[in-house]
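Protein sequence lines correspond, in order, to chains A and B.
With the numbering used here applied, the first sequence has no gaps in its numbers, which climb one by one up to 251 at the end.
With the numbering used here applied, the second sequence has no gaps in its numbers, which climb one by one up to 1244 at the end.
Hints are computed from structural coordinates only; laboratory data are not their basis.
As the structure is a computational prediction, the values presented were derived from the model and not from experiment.
Glycine residues also receive a C-beta, built at the ideal position from the N, C-alpha and C atoms.
Every clue listed holds true.
Label pairs and their in silico Cβ distance ranges:
1) B:L1007 <-> A:E231: 43 to 51 Å
2) B:R1219 <-> A:D15: 56 to 64 Å
3) A:G65 <-> B:T1077: 26 to 34 Å
4) B:P1165 <-> A:Q14: 45 to 53 Å
Anything over 12 Å on all C-beta distances counts as not near chain A; from chain B, calculated:
5) D1049
6) L1100
7) V1120
8) V1125
9) T1156
10) G1176
11) G1225
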Amino acid sequence: MVNNSPGPAAVAAQDLRVHRGGRAVLDGLSFEVPRGLVMGLLGPSGCGKTTLMRAIVGVQVVSGGRVEVLGLPAGSAPLRSRVGYVTQAPSVYGDLTVTENLRYFAAILGAADADVRRVVDQVGLSSQADSVAGALSGGERARVSLAGALLGTPELLVLDEPTVGLDPVLRRDLWQLFGRLASQGVTLLISSHVMDEAERCQRLLLMRDGRALADDTPQALLERTQTHDVESAFLALVDERARTTTEEVPS
Amino acid sequence: MSLRCTLATARRVLAQLRHDHRTLALLLVVPCVLISLLAWIYDGTGTFDQIGAPLLGIFPFVVMFLVTSVATLRERTSGTLERLLTMPIGKLDFLMGYALAFGLLAVVQAVVASALSLLVLGLDVVGPAWLIVVVALLDALLGMALGLLVSAFASTEFQAVQFLPAVVLPQFLLCGLLVPRDRMNDVLQAVSDVLPLSYAVDAMRIVSSSPTVQGEVWRDLAIVGGAIVLALALGAATLRRRTP
Ligand SMILES: Nc1ncnc2c1ncn2[C@@H]1O[C@H](COP(=O)(O)OP(=O)(O)OP(=O)(O)O)[C@@H](O)[C@H]1O
Ligand SMILES: [Mg+2]
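Based on the sequences and whatever the hints tell you, model everything.
Quick look at the structure:
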């Protein structure tokens, strides 16, 4: 498949608003994720990345605006086997083995048992397949969680900081896997607050305080801000935003 | 409803128990130890024959309440529930999976505890033994359904455990085991009348003291069954796909 395949966008949000703990966490967010690419979701801790992902997979109470996923309202039943979600904290059963965990998720998804072996290989856990998940290291457990989302044939993968705490080799391998999946037509929305991972994404959504700072390709972003890395671009955008808001407010 | 998801969930819950040898042992051994202790305490007084059968119903109730409230709370706090709710599994499939797994466990528990009581400890039961197991199973499912329901109101395992004295003890005190229900004052009797465990204990008492199965037993069991369905329905309502 090719990028930007026809049909509705993988994700389309319009004026999305979410309140958590009496505070506006997403404050009128609008963006689109085209199909078949890796979209990076970047922003400082607490800016609302997890909240946005929860809204996209339909487990977050939304107070306003709209989110559509693959042309359907986020969270609607037909999407549940088409969207894979990896929570920020690994969500696996610590008292089951890697294989038992994945067999269960495969059964729920209606995926074949043989699929379990494939995803275990994809995340590089073949030698730990029969270990109890609770006895794995944090990074290994995170990969079990990731493997669960790769089961079946998801069209959209929503991955909340999937590479945190992994070594450089593993991180490279996983990013190569993400790239391969995207080239097969899968859309990936991947959050991170490590800005250097941004260069591996085809598009970036930069967030701050529940708002979008930018939604562009990495190259365009660097050109527009006349910077050489995404971190500087982010800071330049923050400064630019601060200037425009002070200009708007009459003194 | 999807049978596939229900069975997969039941299998998964049983697999978790299989890995947890200590919990499994506690589930089967503790009721046996307690009931043996009671038989010993009341040795030669005839009291054991009166309270033995009701206790065979109360143990699975208490144990399943505890196990379920902690297990579901763990699903909530570990994020696995949130993950499942983004997947194509119905809330009812999830609940039924738990009911199936814990129900199976309850049957084993009831068979072991009843066999010990009837064959070794000399508990005198006039009615059919299989009915004891049926009542114990329903009691276990009642405990499970209530445990599931209260786990929605607990955000830590400390809180979940505190619900045991809050939800289980009043039912235990008022179920007619300590003082027969018809000898309680009107207020307590009225309260006892709306608590499901009272009917479970009633049923056990009738089974243990009359040789034929009576309509009253089925009425009691129907009430317990109704309470299970109600608690499960409320429990399902507390399983929200979307949370704040
Ligand atoms: N369960 C909750 N109840 C109330 N407020 C919450 C809850 N979870 C998060 N928040 C608030 O929502 C805001 C955004 O949180 P979110 O988890 O979306 O941030 P994030 O961008 O994912 O951060 P990080 O990079 O640290 O994971 C935070 O300010 C946080 O205080
Ligand atoms: Mg987060």
